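Peer 1: Read off the chains here:
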Amino acid sequence: MIPYYYLASIALIVIGIYVVIAKKNLIKIIIGLDLMDTGVNLLLIAIGYVKGGTAPIENANYALYVDPIPQALVLTAIVIGVSVMALALSMVIGLYKNIGTLEIDELRRVKE
Amino acid sequence: MKRIVAAILAILIFIVLALAFVKIPFGNINLSDYHYYNPITDKQTSDSVPQHYLVDGKKDTGSTNIVTAVVVDYRGFDTLGEVTVLFLAATGVGSIMYIFEKEKRRKVRRANAVVETASQLLFGFIVLFGAYIFVHGHLTPGGGFPGGAVIASAFLLLYLAYPRFHAEHKTLNVAESLAGLTFVIAGLLGLLISGSFLYNFLPFGVPTYLFSAGIIPVIYVAVGVKVGSELTGIVDAMMGVRE
Amino acid sequence: MDLFTLVSLILIIAMLIAAVVAAELKDLLSAAVALGVVSLIVSILFYILQAPDVAITEASIGAGLSMAVLIFAIKHTERWEK
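Chains as they are written, first to last, in numbering that gives the first Met the number 0: chain S, 0 to 111; chain C, 0 to 242; chain Y, 0 to 81.
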């Protein structure tokens with residue numbers, strides 16, 4: 000039996016992969032990349048969970064804490080994710096201002 | 000046709016990833032069960048890395064929030080790299096959007112009086128809350144990254160309410176550069192005093208007090224100001240020129 | 000089935016529905032809002048999994064800033080996907 004948190008985050012990653020492969024709009028592809036990013040973050044946090052544990056902040060009433068390392072990784076990954084998404088979106092805006100389309104098929108035609 | 004192939008591929012990836020996670024338990028792990036192989040002494044120790052952080056973290060760094068201790072102290076050099084990536088992305092967004100600034104100015108309607116007055120009243124409180132989050136990063140949940148994001152969302156509120164509002168670019172640049180400089184100088188002082196980069200050279204004080212944990216609050220305030228000004232710069236660049 | 004499982008399952012199902020909506024809608028503006036909903040529910044899940052630091056970050060960045068950046072980009076380009 001696979002834990003449902005793992006299944007949910009893998010489902011998010013797979014929805015993102017499907018969007019990146021199947022869709023033809025550039026902004027839609029960036030939305031798919033952001034879905035994959037969120038899924039990976041949820042997977043990392045779920046692996047570090049300990050049943051009955053509390054947040055890794057000094058607490059006299061608890062003896063059991065969850066794993067702090069995945070939380071430290073994800074904390075920075077979220078901020079990096081939004082800035083990289085903004086960079087990709089600004090490139091898409093530049094493309095639209097120069098060529099006037101967002102669809103990959105039409106972009107391929109422009110090249111020829 | 001392409002959609003069907005993509006769906007089949009996605010289902011295959013789902014099955015493979017799900018099978019890979021069958022053996023990994025959820026919630027039933029004991030953190031002291033991970034064994035740590037020390038390559039220097041060529042021995043297996045019974046002390047795992049997360050267990051070491053949780054047990055000795057307060058003694059090593061003086062911070063009660065172990066996540067902050069890992070982000071700023073144990074892996075501080077890593078955080079310096081992450082902040083550099085953020086700086087590069089913000090610079091890229093600014094330079095790409097700058098090319099299109101001169102083309103045409105969009106006309107924007109004024110927001111109504113309720114939004115204008117409420118954002119004027121709320122702006123100070125939201126900035127204060129962001130500053131609270133990053134000043135208390137070593138004691139309570141939060142820290143430089145969430146605090147900077149909260150400050151940037153306060154500026155976003157002003158951008159949405161006032162069509163003519165623009166953050167002063169020079170002030171943003173100066174704040175961002177000074178914060179980055181503080182981080183690097185704190186690291187170099189550690190190198191000078193004890194011989195290792197980002198060494199925690201200030202006295203730890205009493206844990207759970209505001210002035211404790213050595214250089215952790217200094218670095219987290221610097222990270223907060225840096226993240227806040229960079230995200231504000233990204234919002235400013237993406238908004239474009241309006242009239 | 001305890002409370003942890005029940006609340007988690009409800010939130011996970013809502014999250015997956017919002018993710019499918021964000022993936023399938025032709026209106027990019029609605030897709031951006033659905034992406035914000037996914038981020039908001041994931042931030043609640045982080046809080047349930049005892050990660051308050053990450054929950055604060057995800058709530059302010061995923062549901063606030065990233066949605067705003069996406070909407071600005073859609074305003075500079077086209078709203079409808081062909």
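For the record, the hints were derived by calculation from the structure and aren't laboratory data. Because the structure is a prediction, the values reported are computed rather than measured. A hint or two may mislead.
Stated by the list, open to error - With a Cα cut of at most 27 Å, we get these calculated DSSO-like pairs of lysine-lysine:
hint	chain 1	residue 1	chain 2	residue 2
1	Y	Lys81	Y	Lys25
2	S	Lys23	C	Lys1
3	C	Lys42	Y	Lys81
4	S	Lys23	Y	Lys81
5	S	Lys50	C	Lys1
6	Y	Lys81	C	Lys1
7	C	Lys42	S	Lys50
8	Y	Lys81	S	Lys50
To be verified - Label pairs and their calculated CB-CB ranges:
hint	chain 1	residue 1	chain 2	residue 2	range
9	S	Leu63	C	Ile184	38 to 44 Å
10	S	Glu105	C	His165	30 to 36 Å
11	Y	Leu28	C	Val217	51 to 57 Å
12	S	Leu63	Y	Leu28	33 to 39 Å
13	S	Glu105	Y	Leu5	28 to 34 Å
14	Y	Leu28	C	Thr170	42 to 48 Å
15	C	Leu87	S	Leu106	23 to 29 Å
16	C	Val4	Y	Val6	24 to 30 Å
17	C	Ala110	Y	Asp1	26 to 32 Å
18	C	Pro202	S	Asn97	36 to 42 Å
19	C	His165	Y	Ile47	36 to 42 Å
20	C	Ile14	S	Lys50	48 to 54 Å
21	C	Val113	Y	Val6	20 to 26 Å
22	C	Gln43	Y	Ile47	33 to 39 Å
Stated by the list, open to error - Short, incomplete list of chain Y residues facing chain C, as computed with Cβ under 8 Å:
hint	residue
23	Ala13
24	Leu15
25	Ser29
26	Val32
27	Gly35
28	Asp52
29	Ile55
30	Ser59
31	Gly63
32	Leu64
33	Phe71
34	Ala72
35	Thr76
All C-beta atoms in this analysis are idealised placements derived from N, C-alpha and C, irrespective of residue type, glycine included.
Peer 1: Each hint needs a verdict: does it hold in this structure or not?
Peer 2: To see whether the hints hold, each was checked on the structure:
Between Lys81(Y) and Lys25(Y), the direct Cα distance comes to roughly 7 Å. Compliance with the 27 Å bound is thereby established for this hinted pair. Proximity of Lys23(S) to Lys1(C) is assessed by CA-CA distance (about 10 Å); at most 27 Å being required, the pair is judged to hold. With a C-alpha separation of about 61 Å, the suggested pairing of Lys42(C) with Lys81(Y) is violated against the 27 Å cut-off. For the suggested pair Lys23(S) and Lys81(Y), the alpha carbons sit about 8 Å apart, so the restraint of at most 27 Å is met.
For the hint linking Lys50(S) to Lys1(C), the alpha-carbon distance of about 43 Å lies beyond 27 Å, and the restraint is violated. Pair hint Lys81(Y) plus Lys1(C) holds up; C-alpha atoms about 16 Å apart against a cutoff of 27 Å. Using a Cα cut-off of 27 Å, the hinted pair Lys42(C) and Lys50(S) is violated, with the two alpha carbons roughly 30 Å apart. Pair hint Lys81(Y) plus Lys50(S) does not hold up; C-alpha atoms about 47 Å apart against a cutoff of 27 Å.
Taken as a hint, the range 38 to 44 Å holds for the pair Leu63(S) and Ile184(C), whose Cβ atoms sit roughly 39 Å apart. For the pair Glu105(S) and His165(C), the beta carbons lie near 35 Å from each other, so the given range of 30 to 36 Å is met. Checking the proposed 51 to 57 Å range against Leu28(Y) and Val217(C) shows it is violated: the Cβ atoms sit about 42 Å from each other. Range check, Leu63(S) to Leu28(Y): about 45 Å between beta-carbon atoms, so the 33 to 39 Å window is missed.
Take Glu105(S) and Leu5(Y): their Cβ atoms lie about 48 Å apart, and the range 28 to 34 Å is violated. The given range of 42 to 48 Å is broken by Leu28(Y) and Thr170(C), whose C-beta atoms sit roughly 32 Å from each other. Checked against the given bound of 23 to 29 Å, the beta carbons of Leu87(C) and Leu106(S), roughly 26 Å apart, stay inside it. Between Val4(C) and Val6(Y) the C-beta distance comes to about 37 Å, which lies outside the given range of 24 to 30 Å.
Distance hint check: the CB atoms of Ala110(C) and Asp1(Y) are about 46 Å apart, inconsistent with the given range 26 to 32 Å. Checked against the given bound of 36 to 42 Å, the beta carbons of Pro202(C) and Asn97(S), roughly 57 Å apart, lie outside it. Taken as a hint, the range 36 to 42 Å holds for the pair His165(C) and Ile47(Y), whose Cβ atoms sit roughly 40 Å apart. At about 27 Å, the beta-carbon gap between Ile14(C) and Lys50(S) misses the expected band of 48 to 54 Å.
For Val113(C) and Val6(Y), the hinted distance range of 20 to 26 Å is not satisfied, since their beta carbons lie about 35 Å from each other. At about 35 Å, the CB distance of Gln43(C) to Ile47(Y) agrees with the hint of 33 to 39 Å. The beta carbon of Ala13(Y) comes no nearer than 20 Å to any beta carbon in chain C, farther than 8 Å, and the hint placing it at the interface is violated. Because the beta carbon of Leu15(Y) sits about 12 Å from the nearest beta carbon in chain C, more than 8 Å, this interface hint is broken.
For Ser29(Y), the shortest C-beta to C-beta distance to chain C is roughly 19 Å, which exceeds 8 Å, and the interface hint is violated. Annotation: Val32(Y) was flagged as interfacial toward chain C, and the flag is violated, the nearest CB pair being 15 Å apart, outside 8 Å. Checking Gly35(Y) against chain C by beta carbon gives a least distance of about 13 Å; that is not within 8 Å, so the hint is violated. Because the smallest distance between the Cβ of Asp52(Y) and any Cβ of chain C comes to about 5 Å, under 8 Å, the interface hint for this residue holds.
Satisfaction of the interface hint for Ile55(Y) is found here, the shortest Cβ-Cβ separation to chain C being roughly 4 Å, below the 8 Å cut-off. Given the 8 Å rule on beta carbons, the hint for Ser59(Y) holds: about 4 Å separates it from the nearest Cβ of chain C. Checking Gly63(Y) against chain C: minimum C-beta separation of about 5 Å stays under 8 Å; hint holds. Below 8 Å, beta-carbon pairs count as interface contacts, and Leu64(Y) has one with chain C at about 6 Å; its hint therefore holds.
Interface hint at Phe71(Y): satisfied, since its Cβ lies 4 Å from the closest Cβ of chain C, which is below the 8 Å cut-off. The interface hint given for Ala72(Y) holds, since its Cβ lies 7 Å from the closest Cβ of chain C, which is under the 8 Å cut-off. Because the beta carbon of Thr76(Y) sits about 12 Å from the nearest beta carbon in chain C, more than 8 Å, this interface hint is broken.
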